[in-house]
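> Sequence:
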Amino acid sequence: MLGSQWAAGEIGQVMVGTDQGLAAPYSREHILEHWISTPSLTRRMQGATDAEREAVLTESGQRLGVALAPIIGALNLTQVVIGGPRELIGDRLAEATIETIRMRTMPDSHEELEVRSTSLGADNVLYGCAAMTLAEVLGAG
Numbered sequence: 074m075l076g077s078q079w080a081a082g083e084i085g086q087v088m089v090g091t092d093q094g095l096a097a098p099y100s101r102e103h104i105l106e107h108w109i110s111t112p113s114l115t116r117r118m119q120g121a122t123d124a125e126r127e128a129v130l131t132e133s134g135q136r137l138g139v140a141l142a143p144i145i146g147a148l149n150l151t152q153v154v155i156g157g158p159r160e161l162i163g164d165r166l167a168e169a170t171i172e173t174i175r176m177r178t179m180p181d182s183h184e185e186l187e188v189r190s191t192s193l194g195a196d197n198v199l200y201g202c203a204a205m206t207l208a209e210v211l212g213a214g
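Mind the numbering: the sequence shown is residues 74 to 214 in this note's numbering, read in order.
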């Protein structure tokens with residue numbers, strides 16, 4: 074599924090949380106990408122103490138969980154794979170994500186859920202692009 078504007082699956086531009094109330098306008102400071110993109114995490118963790126790094130990863134994981142919970146609830150997924158530098162996201166982001174998903178979905182929809190980091194390394198985006206291209210060219214898409 075690609076979507077009408079080729080943006081199916083793009084959750085980075087979704088607002089996460091209602092920190093400024095339900096009428097908060099769309100803004101780059103409120104979208105998921107602001108909380109979990111590699112450049113944003115790098116900037117926020119630069120020079121941070123271990124406790125501050127833990128807090129950044131926890132809050133970022135919670136924001137990701139807020140965005141993923143309705144998707145998990147609707148599709149009853151069993152696995153979520155987080156991409157990004159392992160040394161940057163570590164285990165805490167995944168833990169905070171699954172904790173938030175569990176708080177926001179009914180137990181049956183997350184009973185077997187696993188949230189983990191990708192094992193594909195830095196080239197994971199290239200693999201996805203290659204797979205989409207092959208599917209389109211070979212007619213499997």
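Each hint should be verified, as a subset may be incorrect.
Cβ-Cβ distance ranges computed for the label pairs, FRET-style [as the list claims (entries may be wrong)]:
1) Glu132 - Glu187: 33 to 43 Å
2) Ala203 - Gln86: 19 to 29 Å
3) Met118 - Thr191: 43 to 53 Å
4) Asp123 - Leu207: 38 to 48 Å
5) Ala96 - Thr151: 31 to 41 Å
6) Arg159 - Glu125: 12 to 22 Å
In case anyone wonders, no lab produced these hints; they're calculated from the structure.
Since the model is a prediction, treat every value here as computed from it, not as a measurement.
Cβ atoms here follow ideal geometry from the backbone N, Cα and C, with glycine treated the same way.
> Indicate, hint by hint, whether the structure satisfies it.
Results of checking the hints against the structure:
Restraint check, Glu132 to Glu187: a C-beta distance of roughly 22 Å breaks the suggested window 33 to 43 Å. Range check, Ala203 to Gln86: Cβ separation about 24 Å, and the 19 to 29 Å hint holds. In this structure, Met118 and Thr191 break the distance hint of 43 to 53 Å, their C-beta atoms being roughly 19 Å apart. Distance hint for Asp123 and Leu207: a CB-CB separation of about 43 Å, consistent with the stated range 38 to 48 Å.
At about 36 Å, the CB distance of Ala96 to Thr151 agrees with the hint of 31 to 41 Å. Checking the proposed 12 to 22 Å range against Arg159 and Glu125 shows it holds: the Cβ atoms sit about 19 Å from each other.
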